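Participant: Residue strings, one per chain:
2 protein chains.
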Amino acid sequence: MIMNKINSIISEAKSIAIMPHISADGDALGSSLALGIALKKLNKDITIYLEEDIPYIYNFLPGTELVNIYSAEIKKYDVVVALDTGDMKRLGKRAEIFEAAPITINIDHHTTNSEFAMYNYVQTGAAAVGEIVYQMIKDMDISFDTDISTCLYVAIATDTGGFRYSNTTSVTHQIAGYLINKGVDVAEISQRVFESTSFERVKLTGLAIKSLEILENGKVALVVLTDDIMNEAGAKEEETDGIVNLGRNIRGVEVSVVLRKKGNGEIKANLRSKSYVDVSAIANMFKGGGHKKAAGFRVENGNLEEIKRRLLEDIKEAL
Amino acid sequence: MIMNKINSIISEAKSIAIMPHISADGDALGSSLALGIALKKLNKDITIYLEEDIPYIYNFLPGTELVNIYSAEIKKYDVVVALDTGDMKRLGKRAEIFEAAPITINIDHHTTNSEFAMYNYVQTGAAAVGEIVYQMIKDMDISFDTDISTCLYVAIATDTGGFRYSNTTSVTHQIAGYLINKGVDVAEISQRVFESTSFERVKLTGLAIKSLEILENGKVALVVLTDDIMNEAGAKEEETDGIVNLGRNIRGVEVSVVLRKKGNGEIKANLRSKSYVDVSAIANMFKGGGHKKAAGFRVENGNLEEIKRRLLEDIKEAL
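Quick note, the sequences are listed as chains B and Y, same order.
Each residue of the first sequence is one higher than the one before, starting from 70 at the first, in the working numbering.
Each residue of the second sequence is one higher than the one before, starting from 70 at the first, in the working numbering.
In short, the hints are calculated from the structure, not lab data.
Hints may be right or wrong, so weigh each one.
Where chains are identical, the list cannot tell them apart; a pair therefore holds if satisfied intra-copy or between any two copies.
As the list claims (entries may be wrong) - Capping the alpha-carbon separation at 20 Å, the derived lysine to aspartate or glutamate pairs in EDC-like fashion look like this:
1. K362 x E264
2. K288 x E269
3. K362 x E257
4. K279 x D297
5. K362 x D254
6. K279 x D296
7. K385 x D122
8. K251 x E285
9. K331 x E308
10. K279 x E301
11. K113 x D208
12. K343 x E269
13. K343 x E264
14. K279 x E269
15. K305 x E184
16. K356 x E382
Values in this document were obtained by computation on a predicted structure and should not be read as measured data.
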């Protein structure tokens with residue numbers, strides 16, 4: 070089996086670099102840290118190689134002393150392991166280090182994985198790469214401590230939206246239960262990862278609600294975020310993430326839209342549906358894309374009122 | 070063992086009434102419905118007796134055809150089972166029916182349970198009564214179907230705040246995993262139970278954010294909800310629940326306060342802390358109470374500015 074082969078390659082290696090995808094999320098980062106801490110116990114020379122700094126909310130995770138942030142200098146490792154990375158592009162500039170290694174491994178759960186490494190293990194049924202790394206650590210007979218367990222718990226909890234998404238399986242919960250027995254502080258982690266927010270983000274939420282329109286007999290929710298609103302809140306661009314859920318979560322709303330109009334004329338649309346409307350089909354009409362219930366598009370130099378009118382017409386037809 | 074005794078009493082009974090506490094929450098209701106559906110499979114005559122209508126968000130749960138809402142008429146049952154009910158008061162008017170039964174059973178997980186029935190089973194380590202009812206159904210050898218599993222999943226998921234509170238154990242996750250294998254639709258339930266909200270509640274959130282003050286170097290968050298705000302949002306009193314978390318979740322905030330000032334002069338205070346401040350001690354100074362991290366008080370006829378000033382002084386001292 071390929072997983073046995075990968076485990077034996079790792080067992081024999083001396084220096085190992087572990088790489089999560091660019092803009093590492095909880096699963097990419099948590100899995101990398103857990104694997105790094107575990108392999109340290111086998112006296113491996115471990116580097117967790119990131120493209121960017123660790124995101125603020127994951128700063129508290131154990132194992133960050135193993136992290137190196139990308140620099141132009143190319144180091145050589147016996148083995149490089151890419152985690153949660155669908156294709157080589159998602160390694161960013163670190164692709165150079167990956168390609169320079171004599172042995173490369175790719176461990177992932179994305180259905181779109183391009184199998185870009187010498188050894189590829191893609192388990193699409195896994196809710197998180199954290200589930201796969203859990204099994205690897207078990208198979209390699211490395212003992213689970215609170216640090217490893219905390220990282221894996223964060224990996225799994227974040228990629229399942231806190232055990233709420235449809236990817237959550239019986240196995241997900243079995244593993245979470247196992248990790249909690251190893252001393253994971255559930256309440257502390259949940260507060261840090263799921264509930265912690267910035268004052269600016271809260272202010273942005275307030276202003277978004279102020280601008281919220283409910284249309285089409287309560288079936289459509291629309292928010293327009295202008296530069297004025299962003300400035301008033303003092304919010305960063307990434308803090309607009311999730312604003313679209315404000316409308317989607319309202320009872321009776323089927324389609325929620327956030328239009329982010331920038332001063333340079335660019336308009337970014339974020340679409341969500343609750344049950345039956347295929348918003349990716351709507352986004353396609355504007356040369357965007359996505360999934361059935363989550364999609365988006367971007368217009369370089371658009372007229373807000375015109376885009377809004379066309380978009381609402383398309384949504385109305387799909388309702 | 071008392072649990073075996075309870076199971077054998079239930080097995081021998083013909084008519085059984087099941088009672089969750091007044092203002093039934095997800096655990097009380099989900100546990101009651103699950104037990105009701107399970108016992109129906111043993112051909113018992115089952116009534117789930119509620120004090121009030123089923124809350125809107127739990128309307129979708131299976132087994133609601135077994136529910137009776139309280140009426141003055143007193144019916145007789147062979148056995149009455151109180152679920153998730155700390156003391157007789159929490160049965161409301163249904164206490165009469167409880168007391169009229171020849172055999173009474175009390176199944177709960179509250180440390181404060183007053184053991185008010187003939188047979189009491191209080192397992193304080195259980196995150197939810199749903200965990201106890203899960204074990205009862207297993208012990209009685211009743212097969213788990215999707216309906217029973219959905220009700221138990223909702224019971225457990227709600228009482229653990231979606232597997233986020235410190236009461237979440239390894240056993241909680243083991244049971245959740247088992248229930249998911251029986252066909253529980255995790256994404257659908259999560260959307261309905263955790264994410265669904267009213268437009269009025271969203272508007273109230275927006276207005277609360279507008280009134281949000283950050284004080285004491287970012288350590289204190291304060292919201293005042295006036296009748297004007299409630300009216301502008303069109304929100305109901307119970308929709309103020311959770312508004313206090315807006316402030317608490319902001320990074321750096323240690324104490325969050327919501328003051329609800331009603332037109333009749335009444336002021337209700339809701340206090341939350343994040344890590345070290347004991348807000349119950351502060352609430353005590355105003356003749357209120359609660360837990361270390363969640364407390365409150367009520368003043369019959371208070372001056373808002375005066376209460377606010379005193380409260381902020383007390384908080385400042387505790388910081």
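Participant: Run every hint past the structure and note whether it holds.
Facilitator: Now for the hints, and whether the structure bears them out:
{"no.": "1", "hint": "K362 x E264", "verdict": "between (24 Å within a copy, 15 Å between copies)"}
{"no.": "2", "hint": "K288 x E269", "verdict": "between (29 Å within a copy, 15 Å between copies)"}
{"no.": "3", "hint": "K362 x E257", "verdict": "between (31 Å within a copy, 13 Å between copies)"}
{"no.": "4", "hint": "K279 x D297", "verdict": "both (13 Å within a copy, 16 Å between copies)"}
{"no.": "5", "hint": "K362 x D254", "verdict": "between (33 Å within a copy, 17 Å between copies)"}
{"no.": "6", "hint": "K279 x D296", "verdict": "both (15 Å within a copy, 19 Å between copies)"}
{"no.": "7", "hint": "K385 x D122", "verdict": "neither (43 Å within a copy, 35 Å between copies)"}
{"no.": "8", "hint": "K251 x E285", "verdict": "neither (51 Å within a copy, 38 Å between copies)"}
{"no.": "9", "hint": "K331 x E308", "verdict": "within (15 Å within a copy, 34 Å between copies)"}
{"no.": "10", "hint": "K279 x E301", "verdict": "both (13 Å within a copy, 12 Å between copies)"}
{"no.": "11", "hint": "K113 x D208", "verdict": "within (17 Å within a copy, 48 Å between copies)"}
{"no.": "12", "hint": "K343 x E269", "verdict": "between (27 Å within a copy, 19 Å between copies)"}
{"no.": "13", "hint": "K343 x E264", "verdict": "between (23 Å within a copy, 11 Å between copies)"}
{"no.": "14", "hint": "K279 x E269", "verdict": "both (15 Å within a copy, 12 Å between copies)"}
{"no.": "15", "hint": "K305 x E184", "verdict": "neither (35 Å within a copy, 54 Å between copies)"}
{"no.": "16", "hint": "K356 x E382", "verdict": "within (16 Å within a copy, 57 Å between copies)"}
Hint compliance for this structure: hints 7, 8 and 15 are not met, and every other hint is.
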